[in-house]
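Could you put the whole structure together from the sequences, leaning on the hints where they help?
Going line by line, the protein sequences match chains H and F. Residue numbers are given in this note's numbering: position 122 of the first sequence equals residue 122, and the series is strictly consecutive. Residue numbers are given in this note's numbering: position 65 of the second sequence equals residue 1065, and the series is strictly consecutive.
In case anyone wonders, no lab produced these hints; they're calculated from the structure. Hints are not guaranteed to be accurate.
Stated by the list, open to error - DMTMM-like, lysine to aspartate or glutamate: derived pairs with alpha carbons at most 20 angstroms apart:
| id | chain 1 | residue 1 | chain 2 | residue 2 |
| --- | --- | --- | --- | --- |
| 1 | F | Lys1214 | F | Asp1022 |
| 2 | H | Lys33 | F | Glu1047 |
| 3 | F | Lys1051 | F | Asp1011 |
| 4 | F | Lys1051 | F | Glu1065 |
| 5 | F | Lys1102 | H | Asp119 |
| 6 | F | Lys1105 | F | Asp1130 |
| 7 | F | Lys1048 | F | Asp1207 |
| 8 | F | Lys1214 | F | Glu1047 |
| 9 | F | Lys1224 | F | Glu1193 |
| 10 | F | Lys1067 | F | Glu1047 |
| 11 | F | Lys1097 | H | Asp119 |
| 12 | H | Lys141 | F | Asp1130 |
| 13 | F | Lys1048 | F | Asp1063 |
| 14 | F | Lys1051 | F | Asp1005 |
| 15 | F | Lys1074 | H | Asp119 |
| 16 | F | Lys1048 | H | Asp119 |
| 17 | F | Lys1102 | F | Glu1151 |
| 18 | F | Lys1167 | F | Glu1157 |
| 19 | F | Lys1074 | F | Glu1109 |
| 20 | F | Lys1048 | H | Glu115 |
| 21 | F | Lys1097 | F | Glu1151 |
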Amino acid sequence: MDLYPLFNALRIAAISSVIVFFVGIAASYYIAKAPRIIKGILDVLFTLPLVLPPTVVGYLLLLALGPKRAIGRFFLEAFNIHMTMQWWSAIFAVTVVVFPLMYRTARGAFERFDETLADAGRTLGLSNSYIFWHIRLPSCKQGIIAGVVLSFARALGEYGATSMIAGYTPGKTATVSTAVYQLWRTGNDALAVKWVFINIAISAAVLLVVNYLERPQRRRSSC
Amino acid sequence: MLMVDIEKRLDRYTLKARLQCDNSPLALFGASGAGKSMTLKCIAGIEKPDKGVIQLNDRVLFDSEKKINLPPQKRRVGYLFQEYALFPDMTVSGNIKAGMHKLPKQEREERLRELITRFQLDGMENRRPDTLSGGEKQRVALARIFASSPEVLLLDEPFSSLDTLLKYQLIPYIREIIAVFGGETILVSHDIEEVRRLCPALSVITDGATSTIKDTEALYQQIKSQYETL
Chain H
1 MDLYPLFNAL
11 RIAAISSVIV
21 FFVGIAASYY
31 IAKAPRIIKG
41 ILDVLFTLPL
51 VLPPTVVGYL
61 LLLALGPKRA
71 IGRFFLEAFN
81 IHMTMQWWSA
91 IFAVTVVVFP
101 LMYRTARGAF
111 ERFDETLADA
121 GRTLGLSNSY
131 IFWHIRLPSC
141 KQGIIAGVVL
151 SFARALGEYG
161 ATSMIAGYTP
171 GKTATVSTAV
181 YQLWRTGNDA
191 LAVKWVFINI
201 AISAAVLLVV
211 NYLERPQRRR
221 SSC
Chain F
1001 MLMVDIEKRL
1011 DRYTLKARLQ
1021 CDNSPLALFG
1031 ASGAGKSMTL
1041 KCIAGIEKPD
1051 KGVIQLNDRV
1061 LFDSEKKINL
1071 PPQKRRVGYL
1081 FQEYALFPDM
1091 TVSGNIKAGM
1101 HKLPKQEREE
1111 RLRELITRFQ
1121 LDGMENRRPD
1131 TLSGGEKQRV
1141 ALARIFASSP
1151 EVLLLDEPFS
1161 SLDTLLKYQL
1171 IPYIREIIAV
1181 FGGETILVSH
1191 DIEEVRRLCP
1201 ALSVITDGAT
1211 STIKDTEALY
1221 QQIKSQYETL
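In structure tokens form, the structure reads like this:
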């Protein structure tokens, strides 16, 4: 059994989770400070990929990255790089689709943070960045870790946008989800079932981790 | 001398706080929601008044006309929060050290030892705030404030989350801390018994407006005689 789809899906999910971790935290932290109108608009924009069909996300990405489109053509002409149909093309798709999960979980965690703790830190002379890294983040770490794990789980299973922007090339762009579809389509049920069970096992394990992290805590002033 | 003369529009009323406080502790006395905590937050720099002046000796902390608004970090105002606001992810030592993280390491460790002893926290250094009793939390919060060498001390309902018995045990202790501190101290309270034991003078705050500074004992006698004629 060729394990390339698993390896590829894991690396795409891992890279996307790292990107989404930083961007998601930054977005959820700064949106809390934004003026109300901007906040409303950005919140819709950041959450939209969660409710849009992944094929729509894939289509929009192709509009930007396709070889005849603005960004895609630029990279092709300047660096001779095809932005689509590479194994890493899926990272664009997965990152966008998964971003709302990280953003919303992190935002929830930040909103539950007791601002009095930050006030206390400031009266003690602590800089805002010290407060962010040593008080705010640790206080919200459970929510943030849960967000990353959930993003990773969703990233592993992304199909729609991935299939549009990276396609299915065995040994190159194949992932678990695209492999299952191809195997079923070509009548290779025995192998498709194997991949299905691998997928279920990984997802179940990840959800166990999320549940463990989201257990209600006894502590009052942390989130 | 701490001089406060500020205004701030709030939902229910406009806060108009006019206070002066020197080395004798002053109480801000009033019902809950009268603007006591908001006044303290303006002095600490956590909230920004709409207009007015806050001055500590020759240092201007806030002046709306001169557009001066020092951040809380530069005001050197120690604030004891109602629920103490200890950092939940740090140990007792970590909390106290947070108040002096800019000091060189050796000095910091020495100061930490001093404060641990002074506030009777020996043996609790590595405990987390959620494992401490109310009284212990208060001592950690005070140690953390004094670690940051404040020039002003603001006590926001320091006994509100303690039971009555413990409260009356702690009053002499807090009185001594205020005396040793020696700087400007403002106590916020809604309990005249508490105020009487800690502050010789007070200002009554009603719907955001502070009264002229009064003698605590005189007001106490007045309230008491009102009770007796009921």
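Of the hints given before, which are not true for this structure? Violated hints (numbers, rising): 6, 8 and 19; every other hint is consistent with the structure.
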